[in-house]
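Chemist: Listed here are the chains, written in short residue letters.
Number of protein chains: 2
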Amino acid sequence: MADGVVLLDTWASAFGMRVRIALREKGVEFEYREEDLLNKSELLLKTNPVHKKIPVLIHDGRAVCESSVVVQYIDEVWSDRAPLMPTDPYQRAQARFWVDYIDQKVSVVGRKLWTAKGEEHETGKKNFIEALKVLDGELGEKKFFGGERIGFVDICLIGFYSWFSVYEKFGDLSFEAEFPKLIAWGKRCMEVENVAKSVPEREKVCAFAVELRKKLGLE
Amino acid sequence: MADGVVLLDTWASAFGMRVRIALREKGVEFEYREEDLLNKSELLLKTNPVHKKIPVLIHDGRAVCESSVVVQYIDEVWSDRAPLMPTDPYQRAQARFWVDYIDQKVSVVGRKLWTAKGEEHETGKKNFIEALKVLDGELGEKKFFGGERIGFVDICLIGFYSWFSVYEKFGDLSFEAEFPKLIAWGKRCMEVENVAKSVPEREKVCAFAVELRKKLGLE
Numbered sequence: 001m002a003d004g005v006v007l008l009d010t011w012a013s014a015f016g017m018r019v020r021i022a023l024r025e026k027g028v029e030f031e032y033r034e035e036d037l038l039n040k041s042e043l044l045l046k047t048n049p050v051h052k053k054i055p056v057l058i059h060d061g062r063a064v065c066e067s068s069v070v071v072q073y074i075d076e077v078w079s080d081r082a083p084l085m086p087t088d089p090y091q092r093a094q095a096r097f098w099v100d101y102i103d104q105k106v107s108v109v110g111r112k113l114w115t116a117k118g119e120e121h122e123t124g125k126k127n128f129i130e131a132l133k134v135l136d137g138e139l140g141e142k143k144f145f146g147g148e149r150i151g152f153v154d155i156c157l158i159g160f161y162s163w164f165s166v167y168e169k170f171g172d173l174s175f176e177a178e179f180p181k182l183i184a185w186g187k188r189c190m191e192v193e194n195v196a197k198s199v200p201e202r203e204k205v206c207a208f209a210v211e212l213r214k215k216l217g218l219e
Numbered sequence: 001m002a003d004g005v006v007l008l009d010t011w012a013s014a015f016g017m018r019v020r021i022a023l024r025e026k027g028v029e030f031e032y033r034e035e036d037l038l039n040k041s042e043l044l045l046k047t048n049p050v051h052k053k054i055p056v057l058i059h060d061g062r063a064v065c066e067s068s069v070v071v072q073y074i075d076e077v078w079s080d081r082a083p084l085m086p087t088d089p090y091q092r093a094q095a096r097f098w099v100d101y102i103d104q105k106v107s108v109v110g111r112k113l114w115t116a117k118g119e120e121h122e123t124g125k126k127n128f129i130e131a132l133k134v135l136d137g138e139l140g141e142k143k144f145f146g147g148e149r150i151g152f153v154d155i156c157l158i159g160f161y162s163w164f165s166v167y168e169k170f171g172d173l174s175f176e177a178e179f180p181k182l183i184a185w186g187k188r189c190m191e192v193e194n195v196a197k198s199v200p201e202r203e204k205v206c207a208f209a210v211e212l213r214k215k216l217g218l219e
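Same order as they appear, the protein sequences are chains D and P. Counting with UniProt numbering, you get residues 1 to 219 for the letters of the first sequence. Counting with UniProt numbering, you get residues 1 to 219 for the letters of the second sequence.
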């Protein structure tokens with residue numbers, strides 16, 4: 001395992017999807033290792049001792065953790081092809097700002113929609129809608145957040161699109177009605193070959209979340 | 001204001017300090033504008049409509065928000081001098097990982113030490129000590145996190161050093177006893193001219209926090 005690229009991941013993770021898309025966009029061959037998060041491998045615990053979370057990218061025996069950090073790493077190592085970040089410093093800062101926003105607002109709050117109850121659920125739903133409205137406004141009439149092709153922000157958000165059915169089901173929401181632009185953007189992303197290869201169908205993720213809720217005793 | 005560099009900031013902010021240090025390390029002249037966070041300026045609300053938070057860097061009329069994003073922006077715009085990020089992609093990923101760690105673990109949890117009570121305070125204290133232990137281990141015997149000179153991680157952590165007296169006072173902690181390496185690192189950082197210029201004395205920050213607790217009705 002000293003050479004090459006290994007990805008420790010789990011199929012339904014919106015964070016793992018980021019890394020899969022980035023590697024495929026760059027045309028980097030990698031060994032995918034599915035992790036069972038209820039029984040983490042020794043390798044995962046060893047390579048990410050701080051957070052003990054997937055995804056972990058192991059490149060030539062060295063581990064890189066935290067998905068948004070990993071995507072930037074991939075962009076910098078394989079810098080000769082398919083740029084994921086803009087070149088202009090201001091545009092780069094904007095892309096980093098929005099990915100940070102997604103990490104702060106969409107991920108944590110989205111989880112509340114299918115795990116929390118009562119007031120926490122209601123507040124989560126309110127905050128979630130607010131966050132997506134902001135992202136909808138930022139997307140505006142653009143094809144992708146990155147412009148004409150997918151970039152850092154698209155790659156970091158599209159994984160959550162695969163969770164939209166989960167949020168709809170447990171949040172009693174209709175994304176199509178509330179955020180038609182975001183839904184159209186999600187469909188456009190899914191037409192990109194490397195996205196389609198990396199992001200599972202919404203129905204599959206929804207079935208997974210239903211099962212997970214049972215396992216976690218949330219039913 | 002179309003030209004030049006303006007920083008919207010507030011003196012006691014550990015996040016604002018990051019930007020001040022970065023600009024000074026690069027030798028960039030800037031206009032400092034102190035914000036009253038209880039009465040935010042129109043300019044702040046206009047330039048950071050999403051978070052409505054300082055620091056905001058306005059460069060040639062365009063705003064960049066979120067301190068860790070701003071520091072990277074500064075490093076990329078003034079790339080011909082005093083590099084703040086390493087050049088090697090793996091080292092860059094490590095630096096980003098640790099700054100993300102500081103943002104996730106030190107900042108939020110540190111606040112609990114001087115604002116929370118009861119169980120929340122105790123949990124906060126436990127998590128805070130744990131986070132600093134991890135950082136202490138990462139620093140190890142290095143002079144700075146960045147190696148021989150201050151870099152991205154040092155710049156993003158040193159502001160919290162100025163809050164250590166606050167954490168000690170309200171967390172009933174002794175940093176000198178618990179984290180002698182981090183304290184020695186903090187002292188070394190404060191010997192760097194641009195850090196000393198940008199980071200207030202710990203006693204001054206402590207007096208500020210005592211006053212703020214009163215204003216917030218936490219006494």
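Hints are computed from structural coordinates only; laboratory data are not their basis. There may be inaccurate statements among the hints.
Just so you know, same-sequence chains aren't split out, so a pair can sit in one copy or run between any two.
[Claimed, not checked] Within a straight-line C-alpha distance of at most 25 Å, the following computed BS3-like cross-link-like pairs (lysine-lysine) qualify:
1) Lys197 - Lys117
2) Lys133 - Lys40
3) Lys204 - Lys142
4) Lys126 - Lys46
5) Lys181 - Lys26
6) Lys105 - Lys52
All figures in this text were calculated on a predicted structure; none of them were measured in a lab.
Chemist: Among the hints numbered above, which are violated by the structure, and what are their numbers in rising order?
Modeler: Violated hints: 1, 3 and 5; rest satisfied.
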